[in-house]
Amino acid sequence: RRASLPLILSLLLLVIGEALRSPTLLTIGSSLLVVSSAILAPVALISLLTLVKDYLSLKAPTG
1 RRASLPLILS LLLLVIGEAL RSPTLLTIGS SLLVVSSAIL APVALISLLT LVKDYLSLKA
61 PTG
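If you read the sequence shown in our numbering, its first letter stands for residue 1, the second for the next number, and so on.
Just so you know, the hints here were simulated from the structure itself, not pulled from any lab data.
Treat the hints with care, since some could be wrong.
[Said to hold, decoys possible] Label-pair distances were calculated between CB atoms; the ranges are:
1. Ser-22 <-> Lys-59: 39 to 49 Å
2. Ser-4 <-> Ile-28: 12 to 22 Å
3. Arg-21 <-> Ile-46: 35 to 45 Å
4. Glu-18 <-> Leu-48: 18 to 28 Å
5. Pro-23 <-> Leu-58: 43 to 53 Å
6. Ile-16 <-> Ala-41: 16 to 26 Å
7. Pro-23 <-> Ser-57: 44 to 54 Å
8. Leu-11 <-> Leu-51: 41 to 51 Å
9. Ala-19 <-> Ser-57: 37 to 47 Å
Don't be surprised by glycine CBs; every beta carbon is placed ideally from N, CA and C.
Kindly generate the complete structure, drawing on both the sequences and the hints.
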């Protein structure tokens, strides 16, 4: 769960930067997004696959 924190933070920065029309916040937000995406892409993919697997196993009739 904690791994997605930088991603959430950068998205927040982008949203706030857009709302305030602040180029600085937008720049920081987008560069943070790029960096955290590069770092977290494998992690996110794995957790997404795990989520899907869990969801499917919940959906599947047991027994």
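Quick rundown of the hints versus the structure:
1. Ser-22 <-> Lys-59: 39 to 49 Å: The hint (39 to 49 Å, Cβ to Cβ) holds, given that Ser-22 and Lys-59 are roughly 44 Å apart.
2. Ser-4 <-> Ile-28: 12 to 22 Å: Holds: the Cβ-Cβ distance is about 18 Å, inside 12 to 22 Å.
3. Arg-21 <-> Ile-46: 35 to 45 Å: 37 Å, holds
4. Glu-18 <-> Leu-48: 18 to 28 Å: 26 Å, holds
5. Pro-23 <-> Leu-58: 43 to 53 Å: 45 Å, holds
6. Ile-16 <-> Ala-41: 16 to 26 Å: At 24 Å between Cβs, range holds.
7. Pro-23 <-> Ser-57: 44 to 54 Å: 46 Å, holds
8. Leu-11 <-> Leu-51: 41 to 51 Å: Violated - the Cβ-Cβ distance for Leu-11 and Leu-51, about 19 Å, lies outside 41 to 51 Å.
9. Ala-19 <-> Ser-57: 37 to 47 Å: Holds: the Cβ-Cβ distance is about 40 Å, inside 37 to 47 Å.
The earlier numbered hint that this structure contradicts is number 8, and it is the only one.
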